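Asker: When you get a sec, could you build the whole thing from the sequences and use the hints?
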Amino acid sequence: MNRKRIFIGRILLAVFALALMSLTVGAVDLPEPSKSFYVLDQSDVIDSGTEDYIVSKNAELYKETGAQIVVVTQDFVPDGDLELYAYNLFNKWGVGSSIENNGILLLLSIGDDDYWCTEGKGLEKNLTSGTIGDILADYLEPDFASQDYDAGVRKVFDALYEKVAGIYGMKTETTLSSSDGSWIRPETTNDGSYDYVQNTAERRSGRMLTILIIVIILFILFGRGNNRPRGGGGGGGGRGFFTGMFLGSMMGRNSGRGWRNSPPRGGFGGSGRGSGGFGGGRSSGGGFGGGRSGGSHSGGGGSSRGGGAGRRH
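Read in this note's numbering, the sequence shown has 108 at position 108, and its numbers run on one by one without any break.
Please keep in mind that the hints were generated in silico from the structure rather than gathered at the bench.
Since the model is a prediction, treat every value here as computed from it, not as a measurement.
Ideal Cβ placement from N, Cα and C applies to all residues, glycine included.
All clues given are correct.
Here are the in silico distance ranges between beta carbons for each label pair:
1) Arg3 with Ile99: 52 to 60 Å
2) Ser146 with Ile220: 52 to 60 Å
3) Thr210 with Lys63: 45 to 53 Å
4) His313 with Lys125: 24 to 32 Å
5) Ile11 with Pro142: 52 to 60 Å
6) Glu141 with Asp47: 16 to 24 Å
Below, in silico cross-link-like pairs of lysine-lysine (DSS-like), each with a Cα-Cα straight-line distance of 27 Å or less:
7) Lys155 with Lys63
8) Lys125 with Lys171
9) Lys63 with Lys171
10) Lys125 with Lys63
11) Lys57 with Lys35
12) Lys35 with Lys155
13) Lys57 with Lys125
14) Lys35 with Lys63
15) Lys57 with Lys155
16) Lys125 with Lys155
17) Lys171 with Lys57
18) Lys171 with Lys155
Answerer: Listed below in structure tokens is the structure:
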């Protein structure tokens, strides 16, 4: 009887392990960056002139600050979770400097009629989720709503460019104004994190916690077969080791998201931790070499803890 219970427990454990893996690696199938790196227009909504403009401005920005602003468009995002997809893509490509972690990734999902923008760890203090949300609402939303995606991308890119350049004290020639004529000031910050950012994190944490609790209960129920009053006493060691390893791996996968909305450590560059876990994100740097000139560019090895802002529904 005990053997049967243990066998059933192992089957259930395997099922939940597979379910957990599906949650954490569901976005692994990510596209590779384009040759230009800075624009991947899979939905064909950005004009070549705008793409060349973004690449050219980025080359200047990267040379002066190490920052990179990447724009990605596609028809649909798996499961419609733009925040997680943008987070995974950001860390796979290594957007921004590996030292400053100062990249920005703007994702437009045309078929989902939605968008999301996430920043690197080193920009969290000066480019908060609230500030990103305001920039998106002012410079992308009007054109996005009218399906003039090219115009919206160019305007919001300029706004983000000016903001990042201002953070580093970099002089630019771009003059920006919103619909009411007000300027975007580099020192402007807004520490309000919108509810939809927190709700997404809470929803994902809730799913992980539920699975973790269920797995623990299963171990308690089906692990009692090992607590026999007689016998060798060494038979449960392998299962105990496996239990610790499995639960530890689950906590490790989830810990990368635990840094969401927490302040960066030590200003720019932040902590080397926190960006692993989902989708094979890098902790800091490595990988791409950060091309600065010529026709081909690449990421500088930056990383993100997630967060950012999206369309206000």
